[in-house]
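Residue numbering for the sequence shown follows my numbering, starting at 1 and increasing by one per position.
Quick caveat, the hints were computed from the structure, so don't treat them as lab data. All C-beta atoms in this analysis are idealised placements derived from N, C-alpha and C, irrespective of residue type, glycine included. Hints should not be assumed to be uniformly reliable.
[Claimed, not checked] Mimicking DSS-like on lysine-lysine, the simulated pairs with C-alpha atoms at most 27 Å apart in a straight line are:
no. : residue 1 : residue 2
1   : Lys93     : Lys20
2   : Lys51     : Lys93
3   : Lys21     : Lys51
4   : Lys51     : Lys29
[What the hints assert, rightly or not] Across the chosen pairs, the derived CB separations fall in these ranges:
no. : residue 1 : residue 2 : range
5   : Glu104    : Ala41     : 34 to 44 Å
6   : Ser19     : Asn84     : 33 to 43 Å
7   : Arg65     : Arg111    : 17 to 27 Å
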Amino acid sequence: PPRASGMSSVADATAELSSKKTVVAGLGKLKDLVDGTVGTAGEEAVIQGAKRGFTVLQTRFSSARFWRAGLDLFVELDCALQDNHPAKGEVGKWVQAAMDEVDEEQRDRIRAEREA
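The task is simple: from the sequences and hints, build the whole structure.
Rendered as structure tokens:
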């Protein structure tokens, strides 16, 4: 998507995190926005959206189905951020927390993708 609409797309995706019906879609939309926003003015909005997603997952959703969508977002963000990025450590913690919430098959899938 063009950069100008990136911020509203992040806001729209983040708004979807508050409903059980739309949380998985919202996490997926944030994941799709990572590539086009990291390294741009929209980067902080995506990081804050992911942070909101992590908080929502921790406080409201225990099912592995929800955490799987979160894990995909957090891994995508973790891979996109430079190693020296200030948010890198926090995002790494989100990845680890999500890994603890999904089943072994999902953990293996993520490990394989990260090694590829």
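Hint-by-hint comparison with the structure:
1. Lys93 <-> Lys20: holds, 23 Å
2. Lys51 <-> Lys93: holds, 11 Å
3. Lys21 <-> Lys51: holds, 19 Å
4. Lys51 <-> Lys29: holds, 14 Å
5. Glu104 <-> Ala41: 34 to 44 Å: holds, 39 Å
6. Ser19 <-> Asn84: 33 to 43 Å: holds, 36 Å
7. Arg65 <-> Arg111: 17 to 27 Å: holds, 20 Å
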